[in-house]
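A.B. asks: Line by line, the protein sequences are chains A and B. Numbered according to numbering that gives the first Met the number 0, the first sequence terminates at residue 255, and the numbering increases by one at each position without gaps. Numbered according to numbering that gives the first Met the number 0, the second sequence terminates at residue 374, and the numbering increases by one at each position without gaps.
There's no promise every hint is true.
[Claimed, not checked] Think about it this way: if two alpha-carbon atoms lie no more than 27 Å apart in a straight line, the pair counts; the simulated DSS-like pairs of lysine-lysine are: (1) A:Lys-102 to B:Lys-221; (2) A:Lys-63 to A:Lys-30; (3) B:Lys-68 to A:Lys-102; (4) B:Lys-345 to B:Lys-101.
Since the hints were derived computationally from the structure, they do not count as laboratory data.
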Amino acid sequence: MLNIAGHNFSSRLFSGTGKFSNSQTMLDAIKASGTELVTLAIKRIDIKQGTDNLMAPLSNLGVKLLPNTSGARTAQEAIFAAQLAKEMFNTHWIKLEIHPDPKYLMPDPIETLAAAEALVKLGFVVLPYVHADPVLCRRLEEVGCAAVMPLASPIGSNQGLLTKEFLQIIIEQATVPVVIDAGIGCPSDATLVMELGADAVLVNTAIASSQRPLAMAECFRQAVITGRQAYQAGLGNVTKKANNTSPLTGFLHELC
Amino acid sequence: MSFVDIFADLDRDHLLMSLYSTTSADVERILHQPNEQTRGDVNALMAMLSPAAEPYLEQMAQQASNLTKQRFGHNISLFIPMYLSNLCANECDYCGFTMSNKIKRKILNKQEIQQEIDIVKSFGLDAILLVTGEHETKVGVDYFAEVLPHMKQYFSHVSLEVQPLQTDEYKRLVNLGLDAVMLYQETYQPSTYAKHHTRGKKKDFTHRLNSPDRLGQAGVDKIGLGVLLGLDEWRLDALLMGHHLAYLENRYWRSKFSVSLPRLRPCTGGIEPKSAITDKGLVQLICAFRLFSEQLEISLSTRESSQFRNNILPLGITHMSAASSTQPGGYANPDTQLDQFEISDKRSVEEVTLAIRAQGYTPVFKDWEANWKTN
Numbered sequence: 000m001l002n003i004a005g006h007n008f009s010s011r012l013f014s015g016t017g018k019f020s021n022s023q024t025m026l027d028a029i030k031a032s033g034t035e036l037v038t039l040a041i042k043r044i045d046i047k048q049g050t051d052n053l054m055a056p057l058s059n060l061g062v063k064l065l066p067n068t069s070g071a072r073t074a075q076e077a078i079f080a081a082q083l084a085k086e087m088f089n090t091h092w093i094k095l096e097i098h099p100d101p102k103y104l105m106p107d108p109i110e111t112l113a114a115a116e117a118l119v120k121l122g123f124v125v126l127p128y129v130h131a132d133p134v135l136c137r138r139l140e141e142v143g144c145a146a147v148m149p150l151a152s153p154i155g156s157n158q159g160l161l162t163k164e165f166l167q168i169i170i171e172q173a174t175v176p177v178v179i180d181a182g183i184g185c186p187s188d189a190t191l192v193m194e195l196g197a198d199a200v201l202v203n204t205a206i207a208s209s210q211r212p213l214a215m216a217e218c219f220r221q222a223v224i225t226g227r228q229a230y231q232a233g234l235g236n237v238t239k240k241a242n243n244t245s246p247l248t249g250f251l252h253e254l255c
Numbered sequence: 000m001s002f003v004d005i006f007a008d009l010d011r012d013h014l015l016m017s018l019y020s021t022t023s024a025d026v027e028r029i030l031h032q033p034n035e036q037t038r039g040d041v042n043a044l045m046a047m048l049s050p051a052a053e054p055y056l057e058q059m060a061q062q063a064s065n066l067t068k069q070r071f072g073h074n075i076s077l078f079i080p081m082y083l084s085n086l087c088a089n090e091c092d093y094c095g096f097t098m099s100n101k102i103k104r105k106i107l108n109k110q111e112i113q114q115e116i117d118i119v120k121s122f123g124l125d126a127i128l129l130v131t132g133e134h135e136t137k138v139g140v141d142y143f144a145e146v147l148p149h150m151k152q153y154f155s156h157v158s159l160e161v162q163p164l165q166t167d168e169y170k171r172l173v174n175l176g177l178d179a180v181m182l183y184q185e186t187y188q189p190s191t192y193a194k195h196h197t198r199g200k201k202k203d204f205t206h207r208l209n210s211p212d213r214l215g216q217a218g219v220d221k222i223g224l225g226v227l228l229g230l231d232e233w234r235l236d237a238l239l240m241g242h243h244l245a246y247l248e249n250r251y252w253r254s255k256f257s258v259s260l261p262r263l264r265p266c267t268g269g270i271e272p273k274s275a276i277t278d279k280g281l282v283q284l285i286c287a288f289r290l291f292s293e294q295l296e297i298s299l300s301t302r303e304s305s306q307f308r309n310n311i312l313p314l315g316i317t318h319m320s321a322a323s324s325t326q327p328g329g330y331a332n333p334d335t336q337l338d339q340f341e342i343s344d345k346r347s348v349e350e351v352t353l354a355i356r357a358q359g360y361t362p363v364f365k366d367w368e369a370n371w372k373t374n
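The shape of chain B in the complex, shown without the other chains (with noise of 0.2 Å):
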């Protein structure tokens, strides 16, 4: 059994309909008991997800501050994208790597890969996301396989966001030191995921929602889900990855979960969102995750602006990217206009560090060992 079959047994309308008739008075229940015992429990989630909870946000927010900075101290854990590539062979209508853009296509070589590595280990930092199109051919197992030792080198910790492997291959990877594996469903809602991927493997919903598990199987330490905010009902999206999550995080108890939360914005790579999510949705999100699961690692990206990072920081974040480049090259070559999406927190990552502090908070660079695995 996987995740699948129990997809299959939600019921998405009546989810949606119970997120919508959720009561005030199921809020206040919620937010009285003691949190152990609400944690973890999906129909909790619901009602922290509901448009009734948000005359609530206050309290919300002072528990899930609370609760993080418990969990995880008064820490940020920061991390640097590096992308390697932007080949794609799938058809995603709000991305800019989607295969139909007619930009010019790279794939970093072993001098290019230097020189990031140079840069960006100047900055300081010691945890690297790897980042590609998905293009199963030129970009595959082979190229992470040869990528990855490398970067052991330079850095303590070093997750993945590519396209789906299968397991056999996700244990190779963990066997080269490989440390975490970002793998966003992007909408948990199949009609709306058919729409926005066209060509390409991308298209297979089923295959990516299985994917969690191969990762889980394979023994990576953290497993990263996540949503695009806005290509569907996102209150809705977010409870069924809170599903995914329940489900992930008993079944694969040796693996950390992590969510990344990324809103698509009007007009990022052209197109509207369905059911845009405003900062104040955004706050209710990261809280009422918080709420659910105390040891969730909880990302924001430079997508936000760097006032909206400050001022959400202590309300449950755990990871921080800083002076990112969504583009493969890009901390050699800033200007080549080859990006995924746009940054908007452009701080250096000095200056975000400097923020993390005036906030009573300590920026973390290091937090994992190198070679732990493959000593």
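If we strip away everything but chain A, and leave its shape as in the complex, we get (with noise of 0.2 Å):
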């Protein structure tokens, strides 16, 4: 099973709130896709006026609350944000994100690495969204994050998997769980990653865009235990020509 900081998860596909066209289908979405940990923006929730107030209604589903800092540019507005959730959400588990490029929203690494080092001297628990950086997860590994989030394609680009190469050297060095953040387009992109041996998926803007969101969300949840069970099963190796049994060695077998 799945455990970050100390929770253990059954499901290996996180989700998100945004971009649904309304939040009964969100709802539904969450629920049909079986995760158990959501991620929400905090620049999106008004406590003071309830306009945006999903958390009761998220809070009935089961699922954990994960506050992202999506909005923040730099180091020093994560941390504002983080400490803001903290106070609003009763947690202390934190997405970090920090996109200062409102184009591509690629996560700036400087900030992210000095963000997440002062929050987890905070007591935070960190899961940081970056580039596929192989280095950079190690030193966000060793400043103490619970998981690091290393992205397939820019943010809800749905391109699938363009970093793959640099995902695996990130799933095979990690000591913390991998869970691939971004770009996640398809099913088959979700099944592939988890093929790979990543612990988890966060999809948001797959399900949500999607014409029938709620069937699609239905489809990852199929996709992301497919490739789990594919991983555990081990996969056979890949070769680029058809093996025969021993071609070169086989006669001293008939000489026997």
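Using the hints, put the two chains back together into the complex; each one sits in its own frame.
C.D. replies: Here's what the structure looks like:
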């Protein structure tokens, strides 16, 4: 079972709350996905006016909330957002997102590392969203992050596993869970990345922007389970040529 | 180097000719390519803005709608303008605040501002656009510096639409919590600009053209561009704004950008549009800009009718105002006849949110954190 910072998850599919046409569709899709961890942007939550109050229905579904710092452009802003999230949600879990570039929403490695280090010291369970950079992931582990969340392709792009080779290095090296975060566009992307040995995937846009979000959520649920089971079963080796059984040394057996 | 240097090298006559000589084959070629290959390309934008693209409007709209949903989700962010002053030291013949207009002039005091805040907050809104006429001495940076921290106590996101300021003045306001600045060129065609801006600092076309560069240098988080559609040939104005946007997006990569597309209507401010833009034209414009820039915020004001706003909502719009008043103190005293322009969509915030939901979209009231920057 997946364990992050002492918390067990029986589902390896994480999800989000953004981009759905209404909150009921969002809640139904989250339920259908079987996810147990849902991220939501602190900047969207208005505690005072209660205009976007999703917390109660999400809690009723029994999912754990993972507030994120989306919108922050510097370490300082992200730390501020994390502290706000702690007050709002009574959780010390934080998905650290710092993307100062509004065009491709690429995460800033320098600010992310600085914020992660500071937040860990403040007692947060930090799950940083980063580029598929193996060295950065190692550095984030060193400062005490509970997991790393490298991207498959730009957020919301549905482009799939553009960073596959680097994700493999990260998965190979990591001693904390690796959650593939952004760009997963279709269920087969999720299966593939789980087959590679990722610990979990986070999918939002591919579900929310589907014509039928509920059906798509269910597809992702199955895809992640299948990918994980295939990884555990052990994939066969891949070769470029067909392999006969002992084509060169078979004569030895015949001689006997 | 700033955009002024790039602008000087643009051959506007050639661009206008190219716009009108674009063929349907050019348009089809672009529409058949994946958007990743054509976005950000000013030549592709030109084709999408051309008359030749009109027959492809449905196809453009489908692509624009899908791109917007993928990027922004099924969300429409709501904001409201708050007019703080109608004093103006410029003569602009299309604007109700123009200095020669014999209207009562007013700058809101603290008490009046508070009244407006209380009313707007009762609508449930959390993003505000502060607007003034352009009067540097009486409504200048010191006034804004006084008002901003107060506004930030009530609104997560505060934008400003006032006269162009200096870079260090913008920096000062950013440090006080300013999130965005809207600064519209009105028209990118200098001779037309000169014809409509006849007195005051706004006469200086180049100073205005350089202003978004100063905003970028000051680290303003969101920069809003706009042209007053109809002052001159709208296709060319929109294309030149596209050039401006492409330059700014690349240079000031930390800033977000938005465009506003207000239409000059016959009789507004007493002047006739030189090149009136139809509903169809505005739809083409919105779709063209969405195909040009996936991340661009596109704002639609209450100048447009409720019916048109409902129909156009899924085609690329990301931000809408609601229940707007365009006069200082207009929420507390709606009938004082100080309006900058006539509102067409007079629905309440509740009615607008219902209409948004009916289209399968979610109205977003809060999408920012107050004190994000000033904590």
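A.B. asks: Look at each hint and say if it fits the structure.
C.D. replies: Tested hints:
1. A:Lys-102 to B:Lys-221: holds (12 Å)
2. A:Lys-63 to A:Lys-30: Holds: A:Lys-63 and A:Lys-30 sit about 12 Å apart, inside 27 Å.
3. B:Lys-68 to A:Lys-102: Given that 27 Å is the threshold and the Cα spacing comes to 16 Å, the pair holds.
4. B:Lys-345 to B:Lys-101: holds (26 Å)
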